[in-house]
Amino acid sequence: MTVGAVILAAGFGRRFSALEAGADKRLHALGSNTVAQTTVATYRRVFSQVRVVVRSDDNKLIKQLDDLDIEACIAKDAHKGMGHSLAAGFQNLPWRFAFVALLDMPFILASTLNTIKTHALEHPDRFIRPHYVDATGKRSTAFAHPIGIPSQYFSEVAESSGDTGAKRLLQAHVKLVLGLDFNDPGIIQDIDVPSDLGRGAST
Numbered sequence: 747m748t749v750g751a752v753i754l755a756a757g758f759g760r761r762f763s764a765l766e767a768g769a770d771k772r773l774h775a776l777g778s779n780t781v782a783q784t785t786v787a788t789y790r791r792v793f794s795q796v797r798v799v800v801r802s803d804d805n806k807l808i809k810q811l812d813d814l815d816i817e818a819c820i821a822k823d824a825h826k827g828m829g830h831s832l833a834a835g836f837q838n839l840p841w842r843f844a845f846v847a848l849l850d851m852p853f854i855l856a857s858t859l860n861t862i863k864t865h866a867l868e869h870p871d872r873f874i875r876p877h878y879v880d881a882t883g884k885r886s887t888a889f890a891h892p893i894g895i896p897s898q899y900f901s902e903v904a905e906s907s908g909d910t911g912a913k914r915l916l917q918a919h920v921k922l923v924l925g926l927d928f929n930d931p932g933i934i935q936d937i938d939v940p941s942d943l944g945r946g947a948s949t
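Heads up: the sequence shown begins at 747 in the numbering used here, then just goes up one per residue.
Take these hints with a grain of salt, some might be off.
[Said to hold, decoys possible] Using 30 Å as the maximum straight-line C-alpha spacing, the simulated DSS-like pairs for lysine-lysine come out as follows:
#1 K826 <-> K809
#2 K822 <-> K806
#3 K863 <-> K913
#4 K884 <-> K809
#5 K863 <-> K921
#6 K826 <-> K806
#7 K913 <-> K826
#8 K884 <-> K822
#9 K884 <-> K913
#10 K809 <-> K822
#11 K921 <-> K884
#12 K884 <-> K863
The set of hints was computed from the structure by calculation and includes no laboratory data.
Put together the whole structure using the sequences plus the hints.
Okay, here's the thing in structure tokens:
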């Protein structure tokens, strides 16, 4: 049974570039690698199949990821909203189960990904939604990633548009959602502005 990850990487990161002279946060240094390389490398440690959704002008990003053995998928309508990138990533997807991840979330732990992958293998017909729980046991209200989707819903995802993401599917099929708690802030931490780069590193 193939469980893979679709990583959405076609965003424009305008808040980040506005604060740092047009910089592309995906290509920004994070330790010895870039944000993109860090995120993808963590997912590749766990998933044998990784599809990265990029824009048609993302040659530099694709070249950075060449050594990580990923499938690059072009979202021609990425400028119209994240839903279009999501739709592109799920076109002709031959897996049994897929996790939707975001490229600008490089701090997630590989151990977290291993756990959610195990649950996908055990519950291939359930959606999987992670939740961040802090050291006191309090569950965050922030929406976490990656989101797990069974193959019978891939065609529905492939029709996404606008800014509609995976959250819509979870709401529509709430009785099928398996929630998992993690004390891993990396599932809710994204790189939105330059100061976010200092939060930590994936291990």
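Hey, K863 versus K913, does the alpha-carbon distance stay inside 30 Å? 19 Å, holds
Do the alpha carbons of K863 and K921 lie within 30 Å of each other, as the hint requires? Satisfied, since the Cα-Cα distance of roughly 20 Å is no more than 30 Å.
Decide if the proposed pair is consistent with the structure: K921 and K884, CA atoms, cutoff 30 Å inclusive. Satisfied, since the Cα-Cα distance of roughly 23 Å is no more than 30 Å.
Need the status of pair K826, K806: alpha-carbon distance at most 30 Å? Answer holds: K826 to K806 is near 22 Å, not above 30 Å.
Taken at face value, is the distance from the CA of K822 to the CA of K884 at most 30 Å? Between K884 and K822 the Cα gap is close to 40 Å, so the pair fails against 30 Å, i.e. violated.
Run the distance test for K826 versus K809: straight-line Cα separation, threshold 30 Å. 24 Å, holds
Are the Cα positions of K884 and K863 separated by 30 Å at most? 24 Å, holds
Given the hint that K913 pairs with K826, test it: the Cα-Cα distance must not exceed 30 Å. 18 Å, holds
Given the hinted pair K809 and K822, is their alpha-carbon gap at most 30 Å? 18 Å, holds
Holds or violated: are the alpha carbons of K884 and K913 at most 30 Å from each other? 21 Å, holds
Holds or violated: K884 and K809, Cα atoms, limit 30 Å. 41 Å, violated
Compare the distance between the alpha carbons of K822 and K806 with 30 Å, and conclude whether the hinted pair is satisfied. Between K822 and K806 the Cα gap is close to 17 Å, so the pair holds against 30 Å.
Consistency with the previously given hints fails for numbers 4 and 8, ordered from lowest to highest.
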